[in-house]
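Asker: What follows is each chain in one-letter form.
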Amino acid sequence: MAADEGWFDRFVDAVPRHRLFKHVASWTLVPFWARWTPVKPLPGGPRPAMQPGDNIQCMMNLIMPLKIKSPIGRAEAALAIAQNKDAIYAGLNNVGTVHFARFVIVGDNICMFSVYDGDFTNYIRDFIATIGEVFNEVVKLVEGGEKVTPCEKNVEAFIQWVHERDLYQVPDTATDFLRDQEALSGDKAASPVNDDLTLLPRRLVLQLRANANVSLGSGYRAYPGFSVAQVRKQLGIGW
Amino acid sequence: MVDASVAKRLVEAIIANLPAPVPGERPVHTIGVGVKGRFVASDVARTYCIAEHFKGEPIPVSVRFSNGLGGLEQHDGWSDVRGMATRFHLPDGTATDLIATTLGEFFVRNVEDFFEFARVAKLEPYRRQSPWRKIWDILQLKVPARNPYPKETENVNAGALRYANRHRFAQLGVFQAAVIGAPVSYVRASYHAVHTFVVTGPDGTRRPVRFSWQPVAGVRNIAPTAVSHDKYLREELENRLRRRRPARFMLMMTIGEADDALEDPTKPWPATRVRIVMGTLTLTEVPKDQEAAGRRISFNPCRLAPGIEASGDPILEARLGAYEVSREMRGGCPFRWS
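Chains A and B are the protein sequences, given in the same order.
Its first residue numbered 1, the first sequence is counted upward by one per residue in the numbering used here.
Its first residue numbered 1001, the second sequence is counted upward by one per residue in the numbering used here.
The hints are simulated quantities; they were obtained by calculation from the structure and are not laboratory data.
Straight-line C-alpha distance at most 30 Å; calculated DSS-like pairs for lysine-lysine:
| # | chain 1 | residue 1 | chain 2 | residue 2 |
| --- | --- | --- | --- | --- |
| 1 | A | 147 | A | 67 |
| 2 | B | 1142 | A | 22 |
| 3 | A | 147 | A | 69 |
| 4 | A | 188 | B | 1122 |
| 5 | B | 1288 | B | 1036 |
| 6 | A | 233 | A | 85 |
| 7 | B | 1008 | B | 1267 |
| 8 | B | 1267 | A | 40 |
| 9 | B | 1151 | B | 1231 |
| 10 | A | 153 | A | 85 |
| 11 | A | 67 | A | 85 |
| 12 | B | 1267 | B | 1122 |
| 13 | A | 67 | A | 140 |
| 14 | B | 1055 | A | 233 |
| 15 | B | 1142 | A | 188 |
| 16 | A | 188 | B | 1267 |
| 17 | B | 1122 | B | 1142 |
| 18 | B | 1122 | B | 1151 |
| 19 | B | 1142 | A | 40 |
| 20 | A | 40 | A | 67 |
| 21 | A | 40 | A | 147 |
Some chain B residues close to chain A (C-beta under 10 Å, calculated; not the full set):
| # | residue |
| --- | --- |
| 22 | 1130 |
| 23 | 1141 |
| 24 | 1164 |
| 25 | 1166 |
| 26 | 1254 |
Ideal placement from N, C-alpha and C gives every residue a C-beta, glycine not left out.
Given the sequences, and given the hints that come with them, work out the whole structure.
Answerer: Encoded structure:
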């Protein structure tokens, strides 16, 4: 304990870590600053690919709220997947660019997490072409799903619908996150600027208010930079 | 190549910003410990780079771990960038160096940026903020400035922040340095060589790469709220090696793509880049003769074996000359292969 540190110093130092403060701040400070310095929701999905390697092992994190928010609704969603498992697997094999894919129920949401190669739009088009019927079965259970089904007849609308439900991927670095916010506002300045890095915590809190569900970072990859085709060829298991 | 006068000015700019520069010592990374070990390349390393130490034979190494701050006051427990300078002693009597720090990205792009940074980020008094100022920060959803460490009376934090607020390219490096913390052990931190190098494979393919050391024991920092201790890192390393606890690093080499930031040390590469395990470094002892083991070794990021070249990164180019100037000033061994 420093000699110049009094009880009030220690009290104030402890405040940000205290649970009560975090609760009170969530109900008071956060809404205040959200009105005073609003942030827009950031779009989901991977960043635009600049290099060939950016189109390999892309992450998709779809969160789709169910219409029926109850165990019955969740059971319906689980059945829709289970009853179509063969179709899903056949479709994914035919798409040929999916490293991993799984459906997960979290609360009253049916989620799909996958890792794929190539462009997002082409990825969804391939899915529609190979397992469009399965998607229709699942999407009709989801809020807003009726607007885009059958997906084979509403391809562009369906692609946009999926994109809107794909989570924002928070960049690997805190400062790249600031760049994402700035880009959304049309701010692409480099130097000199008049930023305030000490505002980063507030900007992060407000962004997580606007984007309640996010994917944190680009994700770990054991063998980055290799496509499904390359991995399967290297392992001698056909593609 | 940066000319000698610029290199001298670079070193002088660093020294001018030190609380108490010490003649005969490194101006920064003054406090350190030399360690002996060996490096064994992985079975794939030679397919990417023809350099001697990637051929697979065990290669003796000298490693110097260090604290980033300059001066003889040791503050292991302060939040600070750490260094890991490695010299691979090659079978033909020559050597090649790999200099890495816990800071993944640098905070300036070139020499001109660095001179401006040195002008702006000067040592300034650092005191505990008043609780009212902290309350005001909390109400703005900011994190109040940390309290000074015991005996900490000045630092460059305010100036570095001012510089980063003006220049977005500096923000990642400054932010990372501000939150870097103190490792529980020198061998429980990741170290990054930051700059891009170009490696040549046996078929002549040249690839832009960045190197990192990944600790096999894992990364772990001291809790930020824990009491700061000034001297523990060297003792921890000596005890660790005496008890044969893990003291190994994997050398990871990330291969860049054509339009990645090949010559800009302020920009990271995406995590989707191919990553090669080039080999394993095993530390074996902290020699009693620290002069020979680390203090007198004049590491240089451009001392590179055939098969590895420096990229056009202007900071890497500048470091070649700056390290030589610093070496001359403290009487270290001159730049040559041995």
